[in-house]
Structure formats: C-alpha cells, structure tokens
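Q: So the sequences go chain by chain: A and B. So the first sequence is numbered by our numbering: it starts at 1 and just counts up by one. So the second sequence is numbered by our numbering: it starts at 157 and just counts up by one.
It is worth saying that the hints were derived from the structure and are not from the lab. Since the model is a prediction, treat every value here as computed from it, not as a measurement. Warning: the hint list may mix true and false statements.
[As the list claims (entries may be wrong)] If the Cβ cut is set under 7 Å, some of the chain B residues that face chain A in the computed set are: (1) His-499; (2) Glu-507; (3) Gly-515; (4) His-516; (5) Leu-528; (6) Ala-530.
[As the list claims (entries may be wrong)] With a Cα cut of at most 20 Å, we get these calculated EDC-like pairs of lysine to aspartate or glutamate: (7) Lys-32/A <-> Asp-2/A; (8) Lys-176/B <-> Glu-524/B; (9) Lys-562/B <-> Asp-9/A; (10) Lys-41/A <-> Glu-524/B; (11) Lys-494/B <-> Glu-62/A; (12) Lys-557/B <-> Glu-88/A; (13) Lys-115/A <-> Glu-25/A; (14) Lys-32/A <-> Glu-524/B; (15) Lys-557/B <-> Glu-110/A; (16) Lys-87/A <-> Glu-124/A; (17) Lys-16/A <-> Glu-461/B; (18) Lys-172/B <-> Glu-124/A; (19) Lys-4/A <-> Glu-149/A; (20) Lys-550/B <-> Asp-2/A; (21) Lys-146/A <-> Glu-102/A; (22) Lys-176/B <-> Glu-124/A; (23) Lys-562/B <-> Glu-13/A; (24) Lys-41/A <-> Glu-149/A; (25) Lys-231/B <-> Glu-339/B; (26) Lys-81/A <-> Glu-110/A; (27) Lys-494/B <-> Glu-144/A; (28) Lys-415/B <-> Glu-398/B; (29) Lys-4/A <-> Glu-553/B; (30) Lys-123/A <-> Glu-507/B; (31) Lys-4/A <-> Asp-546/B; (32) Lys-4/A <-> Asp-508/B; (33) Lys-176/B <-> Glu-153/A; (34) Lys-16/A <-> Glu-553/B; (35) Lys-47/A <-> Glu-60/A; (36) Lys-23/A <-> Glu-124/A; (37) Lys-483/B <-> Glu-461/B; (38) Lys-557/B <-> Asp-49/A.
Ideal Cβ positions, reconstructed from N, Cα and C, are used throughout, including at glycine.
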Amino acid sequence: MDLKQLYQDIILEHGKSPKNRGKCEGYNYNAKGFNPLCGDKVHIYLKLDSKKKVEGLSFEGEGCAISLASASIMTELVKGKSFEEVKEIMSAFMNMVRKTSEIQSNYLDEDEKTKLMSLSGVKEFPMRVKCATLSWHTLNSAIEGKKEEVNTEVID
Amino acid sequence: MDINSIKSQFPIFSNKINGKQLVYLDNSNSSQKPIAVLNALDYFYKNEFSNIGRSIHSLAVNATNKFEQTRTNVKNFINAKSKEEIIFTKNATESINLVATTFGQQNIKKGDEILITELEHHSNYVPWHYLRQTKGAIIKFAPINDDGDIIIEKLKELITSRTKIIAVTHLSNVTGTIVPIKEIVDMARKKNIPVLVDGCQSAPHIKIDVQDLDCDFYAISCHKVYGPTGVGILYAKKKWLEKLPPYIGGGGMISEVKKENITYAPIPEKYEAGTMPTAEVVAFNESIKFMQSVGIENIIKHEKELTNYALEKLKKINSVNIIGNPKKRAGVISFTIKGVHPHDISTIVDEDGVAIRAGHHCCQILHERLNLSATARASIGIYNTKEDIDILCKAIENCRKVFELK
C-alpha cells in the first residue's frame, strides 16, 4: 500500500477546495447520505431538465479528503450527462473502487477517466471505500427521486 | 517498573503492521491480551472444558469452580461486598441494557425522568431511549463545559422529584474526563435515587471500589481490561438484584418450572441464563491477576506520566487541537488537525504502524455539543511507552507532509 496512490495530488486539490459546493440554482431533486460508522454526511442537489439531463449538480457536506474529492469530481463529470449516461458512469465508478481499479465507460473522455481513476487507490484501503462511494450512492438516490436518506451501512 | 517486560507479555507486539513495529493506541476501543490469558483459554478448552452448573461429573465440577473463582476475584478487584453481586454478561452494553430493561419495567412510568450526561457513550443512552419509547420516560442530559467536565451544579438542578435513576460514565472515552462519581452519588443518595456507573473506560485505568463509590450499578467490559471478548460484568447492590425482575429467560436461571408457574434461581444465577462464555470467564481471571501483578498504583502512575508526555508533545505540533481539558483526566486524548480529516489522519498514521481511532467514538451527542463531526483519538494502555508517543507524533507530522500543510 502506498499513501501516494491514495492521496494523489488531484484528490488533495479537490479535498482542499471542492468544486460545486452549496445548493445549485433551481435544483428539483435532492437527497441526503450518511455514513453512520464515521458520521460523514452529504446532501446532493440536482437539477434535471425536462429530458432528464443533468443541468446542475452540487453538494453540501463534511468529510475526509477522499469523500470530498469524490463528491467534487463527481459533480464536475456528471454535469451535462443524460440520465442513462449518469447511470452508466455510476456503475463504472462502483466497479472501479470495488473490483477492477479500471474505469470502463462509454461516456467519459480520457481526461475525465484520468480524473476518476485518481480515486481507484481506495480499493487497496477497504475501510475507505465507503468514503468514496457515499456521494455516488446519494446522487443515485436523488436522480431516482428516492425519499429516504442513504445509509452506507445498508446500501454498501 | 519495566514496561518492556510488561509489553513482552503481549504476543501481538512481536508482529509487524505494514512492515512496522505496532504502536497500539486504540485501548479505549479494546485492549490487547497478555499471554497468560491466551494460555488460559487454550488450556481450558484443551484440558478442562465442560459446561458449568449443570452436570455433576468431575470436569463440570472443576469448570464450575474455576468460573466461580473468577467471580470471587472480580468481587475483590472492584471491592464488592459479596460475590453474588457480580453478574457475568456479554459486555458493558449488555450490563446497562439489563439494568435499563429490568429497572425500567419495574420503576419507570410515563413522565418519569432518567438523568444522563452529554459525555455518555451510545451504550449509556440508547438503552434508556428504549424506555422513552416504550414507557414515555423523559431523558435529561447534564451539560458539560468546553473543558469536557460535567457542570455538577447544573446536574444538581436537573434532579427533580421525578428523577428515577442517574446513569453516568466514570471516565469519558473522548475527553478522558474522570467524573467525580462520589459527588454525584452523594447528591443522588439525598433524594434516594439509584446511580448506574458506566465503568467501561475506568476499569483498566483507575482504582475501582464500588463500596467506596456507593453506586448502585457498575458496568464493565472485560475485553478492555486485557481480557477476552464476549464477557462483561454487571455489579449491582444485592437489594437490586433480589428486587428486580429477571432479564433473559432460559436454562440455568430457574429454580422450579411447572406448567402453571416458574420460580427463579437465586442471584447471581437468576441473571445468567443459558450457557455462558465459560472459557472466557475462566481466562478473565488471568487478566485480573495481570492487573494485580502490575499493581493499580503503578498503572495509574505510568499512564499519567505518559499522558502528560503525550499532551505536551502533541501541543507542540502546530495545527493539532486537543479536545477538552478536564480537571482530572486519564490517557484518552482526542484531537483534530487543521486541514486533515480524522479519517485521513488514521489512514496515514496506520502506514507507520500506529493504530488510533477516528470518528465520533459512539459519542454523537458529545461531538455535537463540541461542534465537531469527527475526531482522532489516541488512547493509552499499560504497555505503551514514550517511544510509542514519539512514533505517533512523527506519524502526525507525516499527515501534514502528505497533505502539504505548512
């Protein structure tokens, strides 16, 4: 295990100054997520247009560098994507942090893949996988219009 | 006192963690086990195993005797009046649940008050919450100040004619605060209110004398006292154990069973239904002997010195913020580092073989009160040395490096 694999520069940058923090204007979906083991919380705000394309996406919350970076990178990559594309990227991300360390997606360009790959290091730190997945689970809940809070102990 | 010879009694320290010597500073969570305890478990299972209290063959008689020897030594260890006042449970959590359930069943009505504090671990809040749900009890929280001390005058003000029980920790698992239990018991006595003490954190670190404290209930988890998992202790004054209804029903806790009626066994068996963690209880005797061989005075002295050393060293590191500054404290040190989340701290120091805990430490009420979402915690045990603290501090410096903090 190498700490630098986990804490790559891109993660430290996003962790220190996360993008898209706060409530995005005109959001029409939102969901809360919670990791009861560590107390991390996230609140996702999502604006979908009439064709279910992501027009706006932001988050509020507190957490470690991994969870903040994951949420920040997610909001950047998913903006402008359609419902189906978001779903595909989500499952590609989950696959990467849990199984393959590789990202396989038809809807991300090489730059975007590189960005997302910076989070693949968590696979070697099993206790930290949930830090990375919390915001993604919560986005899933928001986009599906679910009401109950995401709980990583139930879902992961 | 030669700490290295004490440390050498713990086999786990001969292993490497991430290629490094293990620096175990997660003792508030659970402690490591000395070889005598591990040998006792092994020996009992290999040579002496039998269930207890039922059969009359030789193995059963011997096993029962050994089981009861532990009870006697626990009685001596905490200075209870009689061994019938010692109940074996699964852990301190179960001990508190036992009291909340049986005491609540008999004594709590709608609108009655249960007084706890903002320092409590979830295990000394959630069981009382059940009574709020099922009986309509009211739970009041005695406040703490920013140092992490309970404001005793405020606690006193919260005692009313409806207060039915006071439940309080002896030693905080976050701030290390040692709570003035005698003072609280004195107040409670005047109003005839029983007091339960959560002794989870105190048992391995300070002298416990339940007769001197004069509390009604005292809960201990043996795995934190250099003992096996799966065993806890409930000390309760005899009058309570005789008066309260039984908790779990089953074999071993009955006297006579008829189709129409059942009578219960005398204490302590009344509260020990089903097959107990026999080997673990037997082995826990060795944990007590270990504590006694080191000597509680020596334990207190060593851990105090080490705590002061750690506090001084940690305070010198820029950006480290120590949580609380209680009047009387033990070796539990929670802290934050500006710019590094506690989970990241824990992962980074783990690379140097340093085991600490990060999170809310099952104290969400306390963290909310202190306006913190999570903290990192280093908690000291008898085998820790100044070198361990030095390695911790160096590992913390590494956090700042990884996060490129100035």
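Q: All the hints need checking, so say for each whether the structure fits it.
A: Now for the hints, and whether the structure bears them out:
{"no.": "1", "hint": "His-499", "verdict": "holds (4 Å)"}
{"no.": "2", "hint": "Glu-507", "verdict": "holds (5 Å)"}
{"no.": "3", "hint": "Gly-515", "verdict": "holds (4 Å)"}
{"no.": "4", "hint": "His-516", "verdict": "holds (5 Å)"}
{"no.": "5", "hint": "Leu-528", "verdict": "violated (9 Å)"}
{"no.": "6", "hint": "Ala-530", "verdict": "holds (5 Å)"}
{"no.": "7", "hint": "Lys-32/A <-> Asp-2/A", "verdict": "violated (32 Å)"}
{"no.": "8", "hint": "Lys-176/B <-> Glu-524/B", "verdict": "violated (36 Å)"}
{"no.": "9", "hint": "Lys-562/B <-> Asp-9/A", "verdict": "holds (16 Å)"}
{"no.": "10", "hint": "Lys-41/A <-> Glu-524/B", "verdict": "holds (13 Å)"}
{"no.": "11", "hint": "Lys-494/B <-> Glu-62/A", "verdict": "holds (14 Å)"}
{"no.": "12", "hint": "Lys-557/B <-> Glu-88/A", "verdict": "violated (37 Å)"}
{"no.": "13", "hint": "Lys-115/A <-> Glu-25/A", "verdict": "violated (25 Å)"}
{"no.": "14", "hint": "Lys-32/A <-> Glu-524/B", "verdict": "holds (19 Å)"}
{"no.": "15", "hint": "Lys-557/B <-> Glu-110/A", "verdict": "violated (30 Å)"}
{"no.": "16", "hint": "Lys-87/A <-> Glu-124/A", "verdict": "violated (25 Å)"}
{"no.": "17", "hint": "Lys-16/A <-> Glu-461/B", "verdict": "violated (37 Å)"}
{"no.": "18", "hint": "Lys-172/B <-> Glu-124/A", "verdict": "holds (18 Å)"}
{"no.": "19", "hint": "Lys-4/A <-> Glu-149/A", "verdict": "violated (33 Å)"}
{"no.": "20", "hint": "Lys-550/B <-> Asp-2/A", "verdict": "holds (18 Å)"}
{"no.": "21", "hint": "Lys-146/A <-> Glu-102/A", "verdict": "violated (29 Å)"}
{"no.": "22", "hint": "Lys-176/B <-> Glu-124/A", "verdict": "holds (18 Å)"}
{"no.": "23", "hint": "Lys-562/B <-> Glu-13/A", "verdict": "holds (15 Å)"}
{"no.": "24", "hint": "Lys-41/A <-> Glu-149/A", "verdict": "holds (10 Å)"}
{"no.": "25", "hint": "Lys-231/B <-> Glu-339/B", "verdict": "violated (23 Å)"}
{"no.": "26", "hint": "Lys-81/A <-> Glu-110/A", "verdict": "holds (16 Å)"}
{"no.": "27", "hint": "Lys-494/B <-> Glu-144/A", "verdict": "violated (37 Å)"}
{"no.": "28", "hint": "Lys-415/B <-> Glu-398/B", "verdict": "violated (24 Å)"}
{"no.": "29", "hint": "Lys-4/A <-> Glu-553/B", "verdict": "holds (16 Å)"}
{"no.": "30", "hint": "Lys-123/A <-> Glu-507/B", "verdict": "holds (16 Å)"}
{"no.": "31", "hint": "Lys-4/A <-> Asp-546/B", "verdict": "violated (23 Å)"}
{"no.": "32", "hint": "Lys-4/A <-> Asp-508/B", "verdict": "holds (14 Å)"}
{"no.": "33", "hint": "Lys-176/B <-> Glu-153/A", "verdict": "violated (31 Å)"}
{"no.": "34", "hint": "Lys-16/A <-> Glu-553/B", "verdict": "holds (18 Å)"}
{"no.": "35", "hint": "Lys-47/A <-> Glu-60/A", "verdict": "holds (15 Å)"}
{"no.": "36", "hint": "Lys-23/A <-> Glu-124/A", "verdict": "violated (33 Å)"}
{"no.": "37", "hint": "Lys-483/B <-> Glu-461/B", "verdict": "holds (16 Å)"}
{"no.": "38", "hint": "Lys-557/B <-> Asp-49/A", "verdict": "violated (44 Å)"}
This entry does not satisfy hints 5, 7, 8, 12, 13, 15, 16, 17, 19, 21, 25, 27, 28, 31, 33, 36, 38, going by the numbered hints stated previously.
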